[in-house]
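Enquirer: Here is what each chain is made of, one letter per residue.
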Amino acid sequence: MKTNSRTETNLKRHVIGIIDLDIGNTVKIKTFLEKDGYKTHIVTPEDIRKNIYIDSLIIPGIGNFGMIMGRIREEGIDFYVRRQIELGNRVIGICVGAQILLEYSEESSTAGLGLLQGFNSLNANNFSPLNIGRQEVLFRDLKNQEYNSSRFYFAHQYGARLADDSSVVAVTSSGIVALFKKDNIYGLQFHPEKSGMAGMNVMHGIMDGKL
Amino acid sequence: MKRRIIPSLTIINNESWITQNFQKNIYGGDPLNAVRFFSEQDADEICVSLVDYRSLEEQRKIIEGIVDITSIPLTLAASFRTIDDPSFFIRLGVDRVALTISEKNRYLILELIRNFGAQAVVGVIKYDSREVDFNHIATLQLSSELEISENLLIDVGRDGVFNGFNIDYFNKKIAKHLEKPCLIRGGVQKVDEFTKLLNNDLISGVLSSSYFSTINNGSAFLLNYVKDRV
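The listed protein sequences derive, respectively, from chains A and B.
The opening position of the first sequence corresponds to residue 1 in my numbering, with each subsequent residue numbered one higher.
The opening position of the second sequence corresponds to residue 1 in my numbering, with each subsequent residue numbered one higher.
Just so you know, these hints were derived from the structure itself, not from any lab.
Note that CB positions come from ideal geometry on N, CA and C, so glycine has one too.
Each hint should be verified, as a subset may be incorrect.
[As the list claims (entries may be wrong)] With a straight-line cut-off of 30 Å between C-alpha atoms, the simulated DSBU-like cross-links for lysine-lysine are:
{"id": "1", "chain 1": "B", "residue 1": "Lys-126", "chain 2": "B", "residue 2": "Lys-180"}
{"id": "2", "chain 1": "B", "residue 1": "Lys-61", "chain 2": "A", "residue 2": "Lys-35"}
{"id": "3", "chain 1": "A", "residue 1": "Lys-39", "chain 2": "B", "residue 2": "Lys-61"}
{"id": "4", "chain 1": "A", "residue 1": "Lys-35", "chain 2": "A", "residue 2": "Lys-143"}
{"id": "5", "chain 1": "A", "residue 1": "Lys-39", "chain 2": "A", "residue 2": "Lys-182"}
{"id": "6", "chain 1": "A", "residue 1": "Lys-210", "chain 2": "A", "residue 2": "Lys-182"}
[Said to hold, decoys possible] Far from chain A, by Cβ distances over 10 Å, these chain B residues were calculated:
{"id": "7", "residue": "Gln-20"}
{"id": "8", "residue": "Gln-23"}
{"id": "9", "residue": "Asp-30"}
{"id": "10", "residue": "Arg-36"}
{"id": "11", "residue": "Glu-58"}
{"id": "12", "residue": "Ile-62"}
{"id": "13", "residue": "Ile-137"}
{"id": "14", "residue": "Val-161"}
{"id": "15", "residue": "Lys-196"}
Chain B with its partners taken away, still in its complex shape:
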């Protein structure tokens, strides 16, 4: 499998934001500019997360804009409630949709796979490597049962804090339960780390939001991509 480096954008009210532990946000500029930049850099893919309190209907315009300017593969993560929203976005040009693996989403995931094929669905599992007893085994089992083709494991505890992906936790607590390679996100600190992580057979791709932006004075700017250095 091709191993990918995937810039991730979190969009709140049509603006890009850099998150830390999925809570504290730093303004990251116009998402259309960011998408245009990563497209021009020929990034492997891009992942856009819609974190918004408005309805998906109201957010369609920003996704339409993103789809229109990008020619690289696009994954969209959002709180989809019915099959209609992901269907609309895939029809528009989104390649894959990402949603949380949970019993609540069981039938939506099954319906998505039945309609669009397993390759179009990414299962999201959030965990916090600061917590010892987090039970992700059941979630991984549910992913396997639903025949999800690829999971995205997000370490919320390391998100946006630049202290390195917690590979020890991954190896000790997660790796033995994985049946197939997964995408990971959370804490990537240096360019060398991408190389090391992507040499791991259980990691199919590394996502990062904050790594691809330079943060200064509370704002994120100077986007960069690491393709040529990995």
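Next comes chain A alone, as it looks inside the complex:
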């Protein structure tokens, strides 16, 4: 199990913005990160208009793809997200927040942000597309093996299909994309805030630039 090796100085440098979509689990993500010493700021529509500065940005999960994208476009969040990427800040999407980073989803006719090439389709399970529960994932890169054998919480029906397979960092045993990455953009299909220490370790890996 990976342990927290970050210094207090590193922690203080990070201000993690959490987009307030009004329909996600913003509060839980905030408390999850703050319990580990991260500084957070819930990014409100007013903050977006002021183009407030943050170091990393989280787009929270739990929501319908079309509903989330509608909110993002209404509030000009799409421009704010692109601005963070241009600045070299990390952008981390969680669950549906990860799905909207792609071009579209079968869940809705609304286009996604298209920051990575790919789309989201219904999971191809035997009986039900619902993939729910805490599952181990396989990190492909040998340098990330320390994250294997940890359980992460999934709750989704649609999953990412990435055009560039090299963007896939980790998959479940049934082949569902668990984590993808392109430059400073991260997509987490699982909920780190509901995955205990395993979730926190992955957040450490992202914030410390190891993942």
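Please arrange chain B on chain A, whose structure you already have, making use of the hints.
Expert: Chain B in isolation, oriented as in the chain A frame:
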């Protein structure tokens, strides 16, 4: 699909209660202690049912406390009347909300799915395996029509009485009408039963309240979880 073992807590006036046939109650202690225990045991999930005569507004504090101390997935069952209450709880950190599948709840369910996605909604169907003519087929059809991703089937007749889940009734009366795996609750008696039930392709998870508490002298205490034995 991952198959789950899910402790279930029934909260009445901020206290945990063990139910029998959803009527007779045995005091089960402080729900925060129970949630803390199941979190520490790394339970697959936890399901909290609010059975209360107060408004949901008054019950928010207990859910805030539960969300604050747990890092495991949390489903909240309650008599939601409008979209505002489940929205508030999901925003707070509840992962899924469970509500009864009925015509009365049709538009609330549709609105929840439209806002939060189908994975965030659990459809509850209560039945009593002691009754022969209970019509759950129409309810299952409504669930399918509403595109609910997972149902929770509760056998009220076996709830809390420790005589085993009525798998015969499930197989004969329900299984053929299921289009997807469901959660079940009602009567689990032994640890072996979890294993058998979870090997059934139509069962995605087993909930229990009374199994996870030892009941003695009218009180429930000594919480346990079975993860390592199943």
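Enquirer: Could you tell me which of the numbered hints above are not met by this structure, giving the numbers in increasing order?
Expert: none
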